[in-house]
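Could you slot chain B onto chain A? The hints should help.
There are 2 protein chains.
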Amino acid sequence: MNIALSLSYVGTAYHGWQVQKNGISVQETVTKAVNQLLKCDTYVSGAGRTDAGVHARKYLANFKADCSIPLDRLPLALGAQLPEDIAVNGAAEVPDGFDARFSCTKKEYAYYVYPARMRDPFRVGRAYRYHYPLDLGRMQAGAQYFVGTHDFNAVRSVGTPVKSTVRTIFWCEVEPCPDNLIRIRVCGDGFLYNMVRAISGTLLYVGSGKLAPEDVPRILESRDRELAGPTLPACGLFMNRLWYDDTPELAPLRLNE
Amino acid sequence: MNIALSLSYVGTAYHGWQVQKNGISVQETVTKAVNQLLKCDTYVSGAGRTDAGVHARKYLANFKADCSIPLDRLPLALGAQLPEDIAVNGAAEVPDGFDARFSCTKKEYAYYVYPARMRDPFRVGRAYRYHYPLDLGRMQAGAQYFVGTHDFNAVRSVGTPVKSTVRTIFWCEVEPCPDNLIRIRVCGDGFLYNMVRAISGTLLYVGSGKLAPEDVPRILESRDRELAGPTLPACGLFMNRLWYDDTPELAPLRLNE
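The listed protein sequences derive, respectively, from chains A and B. Each residue of the first sequence is one higher than the one before, counting from 1 in the working numbering. Each residue of the second sequence is one higher than the one before, counting from 1 in the working numbering.
Just chain A, with the same shape it has in the complex (with noise of 0.2 Å):
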């Protein structure tokens, strides 16, 4: 059996989702927990990568194995073997060909900010802390400049290497939320490293006024790192919502709400 599994986690604690030698990833902390329960020897694969400190709202993983328990008590059954920080929202049969990242069709990242002279302790490690004003109305004309299929190769940090740096951003939304809270929202085909951090640092610049929205074609076109804003650290960054084709199994996952 192929099962996909919808997963939120805080990203404090680990060291990203992909397993790595340096430290604990969610992957590593899944897939012991799945081979546990199940008394099998799988291995998780999830829907991307997520960096140290990075959240998910939404997630999707999968995995192939015999499953003895009935997919509605799985959730349950999972999430009492995973630490507290990670939790099981569903799981869903799937064709054996699905995969949760190649099957991906759109993914959508949230970056939280606020700006504010002083922390607000609630919000450590879940939100960006901006010591500048911002004006809302500035980053949200900057905001769309992203949008469409472009080079991005100014807003990227230099990782595993890529064939190209185009991509195709579908909106990319910066919204007011309560207390002084801002949420910017990228949706895309696929991400570079950084990208949505750099996308958010350099919308940071246009909101206290040290770019103008009408910069942010300039600097793309110019595929030059350094013209663009500051790469944000991870705990602002959220994966928020997901999108899959064609796979009428994974509607009661709810991953796109």
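Treat the hints as calculated values from the structure; they're not laboratory data. As the structure is a prediction and not an experimental result, all values here were calculated from the model. Be careful, since some hints might not be right.
[To be verified] Partner residues aside, some chain A positions facing chain B, computed with beta carbon under 10 Å:
1) 8
2) 10
3) 121
The beta carbon of each residue, even a glycine, is placed where N, CA and C say it ideally should be.
Below, chain B alone, put in the same frame as chain A:
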């Protein structure tokens, strides 16, 4: 100088506000930071005890010391000496006779609960998950019976001996918050040990049908702890707002917003 500090803290890592033998307290942590920064040997008093794991959205503490740092810079300077889960939001000079605990006239606590079968990892340590569905209307009806001057012996834990178990509750509100979160706000002139947690536990029993709203006055009259609902875990409890009469110096600290 008598200096008042407005604080907020995530209580998860602390054995409560008050200095304890068996673990680190918020009081000890703030006292150390003040003494280190101001090179003095004072003692920080707080608005009230909070138990291990209880949080404070607004909290007031005061200490007496010579302060060489301008008061408007004290929050930032002190914040730099403190761990990330404690924040200093403001400082004010107050009259000599002012005491954060004894001068306090009204306190409001908030208890956060969410009805769910599965845990939300982002709420672990910050809200209490209740396994059963909750009827908000029933909870609101039950809450009204706590308002007024009553003997609250049925909704307290035996702790430090008290002269009287009579207290006055000014309001007790049950409110829906986004994402299926429920907030119970209780404001009173004083609280018995675990009183808000037992009131909240009783309201969960009312909301899930184990008790009727009309059982609340009968339970209070009985003075019998066994008849009320359970004392809920500390994680959902926040000191939320504070009132001090005749202390205009505190107005800029906005303790009751």
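Status of each hint after checking the structure:
no., hint, in the structure
1, 8, "holds, 6 Å"
2, 10, "holds, 5 Å"
3, 121, "holds, 5 Å"
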